[in-house]
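Order-wise, the sequence lines are chains A and B.
Sequential numbering from 1 applies to the first sequence in my numbering.
Sequential numbering from 1 applies to the second sequence in my numbering.
If you're looking for bench data, these hints aren't it; they were derived computationally from the structure.
Please read all numbers here as calculations on a predicted model, not as lab measurements.
Across the chosen pairs, the derived CB separations fall in these ranges:
| hint | chain 1 | residue 1 | chain 2 | residue 2 | range |
| --- | --- | --- | --- | --- | --- |
| 1 | A | Lys57 | B | Ser5 | 36 to 46 Å |
| 2 | B | Lys43 | A | Gly141 | 48 to 58 Å |
| 3 | A | Asp290 | B | Leu4 | 53 to 63 Å |
| 4 | A | Glu69 | B | Val54 | 18 to 28 Å |
Positions of the beta carbon are idealized from the N, C-alpha and C atoms, including for glycine.
The residues making up each chain are set out below.
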Amino acid sequence: MSTIIVQDLKGDILKGYISNPDGTVMGFMPSNSISDKTDSQTSKSTVCFTFEIWQTKSSDGGTTWSSPELISTHTECYSTLTRNSMAISDGGSGGGGYEDYLNGGGNSGSSPQNYNYSLKPSEMVTLNEAKNSLASDCAAGMVISNVWGSLNFRMNSTLTTNGSFDAASNTILFRNTNNITFKTLLEELFHAYQHTYYPSGIRTFSKGKSGWTNIEFEAKVFYDIYMSRNGFNSWLGTWGFPNEDIKKKYRDWIKKLVDYGPTAELMGQYNNWLNLFNTHHPHYKGYLNDKLNATGALLDALSGCN
Amino acid sequence: MLNLSMGNGVVAPLEFENQNFVSTTFNSYDMSLEEASYLMMYKDKGGAIQGEIVYLLPEGKNPVMESCQKSGF
Numbered sequence: 001m002s003t004i005i006v007q008d009l010k011g012d013i014l015k016g017y018i019s020n021p022d023g024t025v026m027g028f029m030p031s032n033s034i035s036d037k038t039d040s041q042t043s044k045s046t047v048c049f050t051f052e053i054w055q056t057k058s059s060d061g062g063t064t065w066s067s068p069e070l071i072s073t074h075t076e077c078y079s080t081l082t083r084n085s086m087a088i089s090d091g092g093s094g095g096g097g098y099e100d101y102l103n104g105g106g107n108s109g110s111s112p113q114n115y116n117y118s119l120k121p122s123e124m125v126t127l128n129e130a131k132n133s134l135a136s137d138c139a140a141g142m143v144i145s146n147v148w149g150s151l152n153f154r155m156n157s158t159l160t161t162n163g164s165f166d167a168a169s170n171t172i173l174f175r176n177t178n179n180i181t182f183k184t185l186l187e188e189l190f191h192a193y194q195h196t197y198y199p200s201g202i203r204t205f206s207k208g209k210s211g212w213t214n215i216e217f218e219a220k221v222f223y224d225i226y227m228s229r230n231g232f233n234s235w236l237g238t239w240g241f242p243n244e245d246i247k248k249k250y251r252d253w254i255k256k257l258v259d260y261g262p263t264a265e266l267m268g269q270y271n272n273w274l275n276l277f278n279t280h281h282p283h284y285k286g287y288l289n290d291k292l293n294a295t296g297a298l299l300d301a302l303s304g305c306n
Numbered sequence: 001m002l003n004l005s006m007g008n009g010v011v012a013p014l015e016f017e018n019q020n021f022v023s024t025t026f027n028s029y030d031m032s033l034e035e036a037s038y039l040m041m042y043k044d045k046g047g048a049i050q051g052e053i054v055y056l057l058p059e060g061k062n063p064v065m066e067s068c069q070k071s072g073f
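Build out the structure end to end from the sequences listed, making use of the hints.
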């Protein structure tokens with residue numbers, strides 16, 4: 001599924017589309033453009049979304065980068081016409097309306113802005129599908145078998161991220177239904193695993209504290225190893241790296257970890273990549289704890305998997 | 001030259017001086033603006049040249065590009 005946004009050269013958003021996995025496309029229109037089309041058979045629903053562009057700058061040729069700065073934001077509202085609970089779309093096959101798209105289906109009428117609840121049965125189905133897709137991987141399966149039974153799962157609209165692991169309550173939170181994906185789940189599961197593996201847990205290394213960078217990088221490496229091993233071209237550890245050459249070298253390092261396992265030689269390079277991550281990552285840099293050797297959970301999860 | 005429904009046109013990649021990334025309500029992952037966007041210019045039925053910037057934002061279950069997945073931890 002993809003979102004397609006079209007802007008004019010002044011930066012105003014002209015139109016948007018959702019491309020569905022089955023090849024159909026749902027368009028959405030500026031909310032004031034169909035106000036005269038409603039009748040007793042139809043109703044108009046409005047949904048707003050925010051489109052942001054963030055920027056980081058380097059003043060030294062790409063060695064160091066500034067923290068991300070929000071340089072552009074648009075909040076656009078669009079409408080769909082609904083008739084007999086079916087969305088009117090340009091080529092789409094219908095469904096629960098655009099608000100249902102936002103909520104993953106089945107939630108018409110609920111506000112997508114404010115919620116905090118344990119996952120609904122339909123969301124638990126999605127969650128279990130994501131879990132099952134991960135469980136066939138040796139390392140991810142080992143993580144799941146160790147943490148799954150003790151975890152709680154909640155939806156919380158106030159998150160500023162796709163997912164979050166709350167160590168205090170042993171809860172994985174998702175921002176919305178669309179964030180219940182194997183990608184988000186994998187990283188948060190690994191944070192849960194880190195919390196069980198390290199003797200003092202990971203609360204002392206939470207956001208903004210010394211060691212946060214170490215904990216996050218370990219999770220990124222675990223994620224990247226999973227994605228590489230399972231044929232996905234998806235990388236988290238390289239974000240912010242200043243050029244393609246360095247990114248390629250990181251990807252090659254991950255692929256060797258997949259092929260040969262975490263050998264002493266390969267793990268000997270870990271801190272070099274951690275330091276680069278700490279220098280360049282727009283979100284997680286700056287909280288490196290030199291004394292924290294946070295590779296134990298990674299090595300434990302990978303043990304026996306090569 | 002592309003034969004688009006609204007007229008003949010061309011598309012071109014965009015390059016930005018700084019690192020920009022884009023995030024939307026619908027898109028789970030921040031991603032590079034250069035990777036997510038392109039410029040499309042075409043001549044409309046009236047002969048006027050039009051320009052549009054198109055953002056293509058893949059989502060969630062079929063990861064195909066470098067992502068900046070933020071964890072709330």
